[in-house]
Amino acid sequence: MSLRDKAAIVGVGQLPFAKDIGRSEDVTALEAAKLALEDAGLRPSDVDGMMKWSIQVTSENAIARALGVPNLRFFGEVGYGGGGGCGVVGHAAAGIAAGMARCVLVYRSRNRGSGGRPWAGTSRERDQSAADTNETALFAPYGFVRPVDQVAMFARRFLHERGYTTRHLGWIAVAMRRHASNNPIAMMREPITVEDHERSRFISDPLRLLDCCLETDGAAAVIVVAADLARDLKQKPAYIMAASQGMGPRNVTMNNFFKDPLLESPGAYAARDLWRMAGVSPRDVPVAQLYDAFTPLVLGSLEEYGFCKAGEAGDFVSDHGLEIGGRLPTNTSGGSLSEAYVHGINLIIEATRQIRGTSLNQVPGAKLSLVTSGNMVPTGALLLRGD
Amino acid sequence: MADDFVRRTGGADWIPYWEAGRRRELRFQRCTDCGLWRHPPGPMCPRCTSMRSEWARASGRARLVSWVVVHPPVLPAWKERVPFPVVLVECEEGVRTMGGVVGATAADLRMDMPMVVDFAPSPDGDLVPQWRPA
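Just so you know, the sequences run in chain order A and B.
Numbering follows our numbering, with no gaps: position 91 of the first sequence is 91.
Numbering follows our numbering, with no gaps: position 21 of the second sequence is 21.
Honestly, the hints are just simulated from the structure, not real lab data.
Where a beta carbon is used, it is the ideal one built from N, C-alpha and C, also for glycine.
Hints are all accurate, no fakes.
Residues from chain B that face chain A, not an exhaustive set, calculated with beta carbons under 8 Å:
id, residue
1, H39
2, P46
3, S66
4, W67
5, V68
6, V69
7, H71
8, W78
9, M98
10, G99
11, G100
12, M111
13, V128
Take the sequences, apply the hints, and build the full model.
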């Protein structure tokens with residue numbers, strides 16, 4: 001049995017992103033859930049399942065209680081912060097395929113713009129999947145605790161071995177910003193150049209400010225329903241053609257430097273399973289949302305999801321390959337780098353819009369739409385398809 | 001809160017690593033049954049599932065695999081030290097670990113250069129393993 005095409009995303013909702021949204025994550029999660037249900041033409045009484053990120057501070061019962069959901073017969077969570085998003089939706093589809101639910105609400109609300117930084121111990125967020133050992137802080141006695149440091153450590157070796165340069169990273173930032181420039185809810189819309197990237201200040205050399213995603217307050221929700229229910233709702237369904245997760249060997253959260261090959265990410269494993277389940281190849285995919293908490297992750301995903309060979313991702317991005325009209329328009333609403341950073345739920349929503357034909361940077365006639373989760377941590381991926 | 005965070009470093013499995021550092025020794029966990037060195041430490045050998053291990057002294061010789069130079073924003077304990085390098089090294093025993101740099105600056109670092117362990121305090125005063133060009 002496969003979950004292929006058994007479920008579809010039929011509702012999406014997101015609040016305008018902000019540096020300080022001015023209300024709690026509990027309140028904004030509900031607002032986003034309401035928007036997503038309205039978008040689908042469904043009511044809270046239709047919801048019988050919920051899936052969330054384990055780092056989410058608002059529990060399912062609080063959301064269900066407030067919305068007036070009569071019963072949840074399926075609920076759960078996926079860990080590892082930004083690695084979790086596609087897995088959250090994938091588990092929703094798996095629960096539906098297994099007959100455990102018909103209508104699953106997925107939500108992520110996060111006050112990361114106004115609410116403190118997990119690496120500084122000033123956030124309410126605790127990822128339950130990593131709570132015992134806090135693997136992200138293994139090297140705290142050396143001042144090595146920020147996600148940007150952990151990605152920068154990977155990035156320097158990766159650039160060195162592949163022959164990529166920081167200008168290649170700049171092209172990724174430029175493409176994301178270009179896509180955000182016509183998106184009214186994107187946090188950063190002013191166009192940038194590769195030179196702007198190269199002049200921005202170091203945060204963790206070799207990474208600069210413009211290699212980093214945005215500190216965002218945001219909330220968004222997605223409704224996943226059984227395929228037979230999807231056909232009769234308000235929106236064109238985005239069927240979940242394939243869903244996968246991957247961890248790889250000897251994984252350490254963010255500090256994933258203790259296995260071989262050193263530069264292989266969990267994404268390599270999620271990619272293999274995704275293409276196998278989907279029965280299509282990367283060449284068939286016209287648009288992607290590749291997790292971009294930091295620019296180097298996009299270079300790695302282009303290789304590991306099979307859009308180019310190892311060593312070719314630099315030319316791919318500097319030839320405008322990520323932009324509209326390029327080889328693989330990527331992060332078409334601006335991504336984590338320029339729209340908002342909410343652990344990738346905005347990427348899932350944009351992937352859905354591409355199937356609906358309603359993206360502000362629409363790839364004409366897109367029938368397949370890829371979205372991936374964070375690849376420095378246990379990860380996942382989704383392939384959506386239209387009719 | 002922020003300063004507590006500096007010492008939250010992986011829990012009980014790691015205590016022998018930091019304790020060895022305070023004695024100016026670099027030690028890693030090694031399986032008593034099959035001899036596999038492992039790092040980060042953990043309760044079980046990933047090759048043979050043995051739960052018996054010892055903390056064996058490492059040669060202290062390593063190869064530089066990668067490094068970063070940390071710029072602001074940083075935790076309060078590090079504000080006076082930025083920018084500072086942190087290195088990822090692969091030890092002769094086959095395990096990788098990280099540390100700060102002593103006896104050199106970030107500009108002196110070259111990919112794959114030989115490194116040797118040294119010991120210098122972290123901001124909270126404990127001696128911890130650090131690395132210098134060989």
